[in-house]
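Residue numbers (full-length UniProt numbering), protein chains in the order written: chain A, 1 to 309; chain B, 1 to 274.
Please note: incorrect hints may appear among the correct ones.
Label pairs and their in silico Cβ distance ranges [unchecked claim]:
| # | chain 1 | residue 1 | chain 2 | residue 2 | range |
| --- | --- | --- | --- | --- | --- |
| 1 | B | 8 | A | 223 | 50 to 56 Å |
| 2 | A | 153 | B | 6 | 30 to 36 Å |
| 3 | B | 179 | A | 82 | 28 to 34 Å |
| 4 | A | 300 | B | 161 | 51 to 57 Å |
| 5 | B | 219 | A | 113 | 46 to 52 Å |
| 6 | B | 104 | A | 113 | 37 to 43 Å |
| 7 | B | 29 | A | 214 | 55 to 61 Å |
| 8 | B | 259 | A | 155 | 34 to 40 Å |
Derived from the structure by calculation, the hints contain no laboratory data.
Using N, Cα and C, we set each Cβ at its ideal position, and we do this for glycine too.
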Amino acid sequence: MTSAATTTSRPAAPRRRVPTRRQVPWPVWGFLLLPAAIEVGLVFWPALNSFYLSFTQWGGVGPPEPVGIANYENLFADPVFHQALRNNVIWAVGFGGLSVVGGLILALALNRPRRGVGLYRSAIFLPMVFSLAVTGLFWRVQYQPDGTVNTSLGLLGLGDLERQWLADPDTALYAVLIAAVWRQVGYIMVLYLAGLKSCDPALQDASAVDGAGPWQRFRYVIWPQLRGVNTVVFAVTVIEAVRTFDIVWAMTGGGPYRSTELLSTYMFQQGFTFLNLGYASALAVVIFALAIVFIITYLVRATRQEVES
Amino acid sequence: MSRRGKDWLFHGIMAPLSLLWVAPMIFVVFIAFRPFDDITRRGLTALPAGFTLDGFRTALGSGGMGQAMWVSIQVTVPAVILSLLLASMAAFALSRYEIPFRRTILLTMLAGNLLPPQILLIPVSKITESLGVYDTVYGLIAIHIGFGMGFYTFVLYGFMRSIPNEITEAARIDGAGPAHTYARIIMPLCRPALAALAALATTWIFNDLIWSLAVLQSQSKLPVTAALLNLQGGFVSNWNVVAAGSILAAIPTAIVFFAFQRHFVSGLLMGSSK
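The task is simple: from the sequences and hints, build the whole structure.
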């Protein structure tokens, strides 16, 4: 290193290295400030604006009219909001629960290298690359009155269960949920596969020698080591569940009779169909408020990772 | 149970399950190649009696999927390149220099990516109006850059930190300025991370729906995902056209997946777990 310094004609004496390292050269500020300015202008400034707009009444033309907390008062009295909130809770629990449990089981099954494992993993992971709108359309076809779901039920002798899955308010939300889980499971599986890879195999072997059965090995040896992954999976899943929009918009648009209305679809309808921009902003703030705890969880985890590295 | 028996049990469960997993896709492919008359006459689930590309032809032509595909390319390519460029610049500054509060800056940028898009939709739509880029691909490109950048910066920062300091120190002593160090040393070394992020960003941006609905209006400017929903509205019960359209929309990201499988998967893992 020092020999490199002596070959240069410039007097870049090693002595000056410590002070210059602390000083950030001016082009470097440009490197940072340009991207930061773009993010502030396109993300943080608009986000703050949403808070402001949520206290106004605005049709998009002319200046917004401040109305205090009226939007929020209306929101909490709005039966559609209650329905959307309830649906969102069902969605978060169902979508999160099914995809996490399914993804974890698949990861455990497909963890060890074996013939065919790569093929099975790819098959389950493939839907993850499709857009949620494509997923929605794929499944709309399956749920048609004469689609695969009803036909399969008929073939299994369960013809009584046949119905118009997406047109029936009792089943529509769950039908959409299944489609979303079908796509999400592969992602969760990949996250858990990575987590399992970092588990110490010696611990498992040791516990097997000590006579631990598969369940005990999972419960007492593997599960505790997955804590970090669990935090990430949990945070990511809830954040995604709260912001879910595309698949519902593509499959049902929130209907029938609001049975699949989520906060985000209701917000979109209020904002972009009815141009109730203040009211829609209040809904957006509620969505944000529901996500913020999990965003912070994720960030805390990211900080810890950053400190460790 | 014997090892043999265990293997049989494993494949006996996994093979049908995987098949069940891909069945919806196979089914849609079958429908896309069936003639419209055949579907109306014999129902959706009948085995194909004929083979035709009419569904694809209609989807690409009057269905607008061809036009939409071109729009999506116009949005995705610049958005991926520019957001990775800008993010790598920020990551370079944060990872290689003693910027004050760099961890706070980094996490704030990451937080921007985690925000629900809903909280940005209305103001962003208004901002694109006031800048005169509402209903243009430029507005959409800008949003994808702004919204994705925090995550890419975070991942690239982590990657750049793992590059030994000696390498850049040596360059500095040899008289390389920051721009030179960034372009000639750090960026080439970051190629694996950039490839992974590019694969991931391509699918995210290509698959986007909500942003395009918020800032685009003209039918002719809709990217693939939004056009697909229009197609569905315009060709109700023409299931062969709808199926063909959704396959067309799925192909580009499927290609990214198969071509960059390893990069793609590692991209998903970056920043989410160790």
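- Item | residue 29 (chain B) versus residue 214 (chain A) beta-carbon gap, inside 55 to 61 Å or not | With Cβ atoms ~38 Å apart, the hint is violated.
- Lying within 37 to 43 Å: is that true of the beta-carbon distance residue 104 (chain B) to residue 113 (chain A)? Distance hint for residue 104 (chain B), residue 113 (chain A) holds at roughly 42 Å.
- Task: With 51 to 57 Å as the target window, see if residue 300 (chain A) and residue 161 (chain B) comply at their CB atoms.
- Result: Cβ of residue 300 (chain A) to Cβ of residue 161 (chain B): about 19 Å, so the range 51 to 57 Å is violated.
- Supplied distance hint 34 to 40 Å, evaluated on CB atoms of residue 259 (chain B) and residue 155 (chain A): 38 Å, holds
- Does 50 to 56 Å hold as the CB distance between residue 8 (chain B) and residue 223 (chain A), or does it fail? Hint violated: Cβ distance 28 Å, outside 50 to 56 Å.
- Task: Could you check the hint for me, namely that residue 153 (chain A) and residue 6 (chain B) are 30 to 36 Å apart, CB to CB?
- Result: 33 Å, holds
- C-beta pair residue 179 (chain B), residue 82 (chain A): status relative to the range 28 to 34 Å that was hinted: The hinted range 28 to 34 Å is violated for residue 179 (chain B) and residue 82 (chain A), with Cβ atoms some 56 Å apart.
- Message: A range of 46 to 52 Å was offered for this pair. Does it hold for the Cβ distance of residue 219 (chain B) and residue 113 (chain A)?
- Response: Holds, since residue 219 (chain B) and residue 113 (chain A) (Cβ atoms, about 50 Å apart) stay within the stated range.
Checked against the numbered hints listed earlier, the structure breaks hints 1, 3, 4 and 7; every other hint is satisfied.
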